[in-house]
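Chemist: Residues -17 to -1, 1 to 604, numbered by mature numbering (1 follows the signal peptide of the UniProt record, and there is no 0), are exactly what the sequence shown covers, in order.
Hints are computed from structural coordinates only; laboratory data are not their basis. Here the structure is a predicted model, which means the values were calculated and not measured. Incorrect hints may appear among the rest.
30 Å max Cα-Cα, derived DSS-like pairs, lysine-lysine [what the hints assert, rightly or not]:
1. Lys12 x Lys64
2. Lys446 x Lys424
3. Lys446 x Lys500
4. Lys93 x Lys64
5. Lys500 x Lys471
6. Lys64 x Lys17
7. Lys424 x Lys471
8. Lys471 x Lys446
9. Lys12 x Lys424
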Amino acid sequence: MFTKVFVTLALASTAFATVFVTSPVASSKFEAGKENTIRWQESGDAPALAEFGPARISIYAGNSQQQTLLQAIETNIDVSKESSVTFTPDASIGPNGSEYFIRFESLSLKDSTQPQFPALAFSAKFALESMTGVFNATVASQIAGQATAPLASVRPASTTVSSTSSTSQKASTAASTTPSPSQTSGAMAVSAGFAGALLSALVAFVALTFASAAFAAVFVTSPIDTTTFPAGQQATVSWQDDGSAPSLSSFGPAKISIYVGNSQQQVGSLYNTSLQLINGNVDVSQSSSITFTPDPSIGPNSNEYFIRFESLSLKDANQPSIPALAFSHKFSLSGMTGVFSAAVSSQIAGQSTAPIQPAATPASTTGSSTAAGSNPTAGSNPTSASSTSKKATSTASSTPTSSHSSSAMSIHAGWAGAVLSALVGITITEPFGVTTWAAGKEATIRWRDDGSAPTLAEFGPAKISIYVGNSRQQTSLQLLDGNVDVSKNSSITFTPDATIGPNSGEYFIRVESLSLKDATQSTIPALAFSARFTLSGMTGTFSAAVQSQIAGQSTAPLPSVTSSTTSSTSATSTTSSSTSKSTTATGSSANASQSSSAMDINPHVGLAGVLLSALAGITLF
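Taking the hints into account, I'd like the entire structure generated from these sequences.
Modeler: Shown next as structure tokens:
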């Protein structure tokens, strides 16, 4: 029996820096029924492992407010006297997926700022294979980071622990609240993939979460992020009332479609690209599921798809020009035969087709259909149509005001930051989130002016490199060009060095101006980033330091609230090739009013952490 845990993944305690988990990391895959090893080391920050002391180690799944303990690994192990533990994953605790993480809970040390909470530490999310179980609706909802993880009270209360199973593998803990607003900058999900759920913890600082009540009504239980629907075969979308306002009866009749896109543009109406209309008019209060057949022509095999519910009657509580919306988690479609157009690909990457627009009252929404008669009426429910009838793009002339901008957000975790490039004048059109480059073969980076200040001419000469890391600490793995004028060139060609790391989707391109400084922090250069992309055919490895940066853990401490310096130090773990120099950039640049910068999320088809800081007027390096 699984029960819920209302504990923030990472409270603002320095205790999060002490247990430095070196295995698993984001690229780890553990196989059920076989021995696997969890490893950790001293991070060098306070408190020491000796202070963290005896700890409980478990496998969890969930989001930043709610987590479920799936398997107890060790109930009492002194992390200062041991550096690893070997265990066998129980195949029955869940399905194959990458939503699992390891949680360390000190049995003696309390959070330094909130003594009612134990000191905690987390691994990155990792994958479990050969699994035979399923996530129940509660766990699936926690993973999706949706309505069962509401923003909690700002006054911390007690924490209770209870066991729900006679075995050592299924138990739960529950805490009734999250940290106060003054501490939310520390409420970080250590895993590099919790951006969506994590954003809710930062609502006091940046309006990027889901302030609209309409986002809470429809709680999508299928698909979730581990779901794969085969094209041409029946699939089911299911939902339930999340128990918060507005109710399903208020949400009422809705249009349900498959979409792709980002937080400002997704193909279709109101910032979206609708690829397939599933049902043009279904009352979500009278039904709890619909069955449909994915059209293989709408796109390629990809995990960038999501379901969007658009109420046909209810409007957004804060912006009546916008319909009430709800979204599923991203899911996968297989057996697909189509392709994403360049426009759709750019929307997925969250780049130039979705610039951050000035705050204003939302204006009219216009759309152009690519085939006559392709805009279904509210009552239509097509089961098949030509691929051209399902790809229409509409744009809105402005996004909601800052106090309401959450209503233009997808619940889907991981998009917010992908629009970062629009903030700095450079839109990187390649690579984007689905790009895979082969080591040893020529690859091309492309960019263009996004039309916002600063211009490419102002950005001027720049250094372009491959990086990995998080929002405050990144490691340069390969210098691609040490001095290229981005206003006079629109691309560079290079050959990825196979030795800089393993096969991974954790790489991104960083463009650093050699002349222009950050507008709000003159000690920091102007920066731009691509979405994360994949390198294949790699022969190298990531050092423990790099792995920790990817996981967003202790080598990326919360920055000082007073200093604003940037330093570069050599990382000894990488190759000596002149083109694969590795440096680690660390920054501590924030002030108390800018605590949203304390993000551990890396530039990605989730650059959430970096984006948040950019919206707050700072850069995190």
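Chemist: Decide, hint by hint, whether the structure agrees.
Modeler: Evaluated hints:
no., hint, verdict
1, Lys12 x Lys64, "holds, 26 Å"
2, Lys446 x Lys424, "holds, 21 Å"
3, Lys446 x Lys500, "holds, 13 Å"
4, Lys93 x Lys64, "holds, 19 Å"
5, Lys500 x Lys471, "holds, 19 Å"
6, Lys64 x Lys17, "holds, 25 Å"
7, Lys424 x Lys471, "holds, 25 Å"
8, Lys471 x Lys446, "holds, 14 Å"
9, Lys12 x Lys424, "holds, 27 Å"
Every hint from the earlier list agrees with this structure, and none is contradicted.
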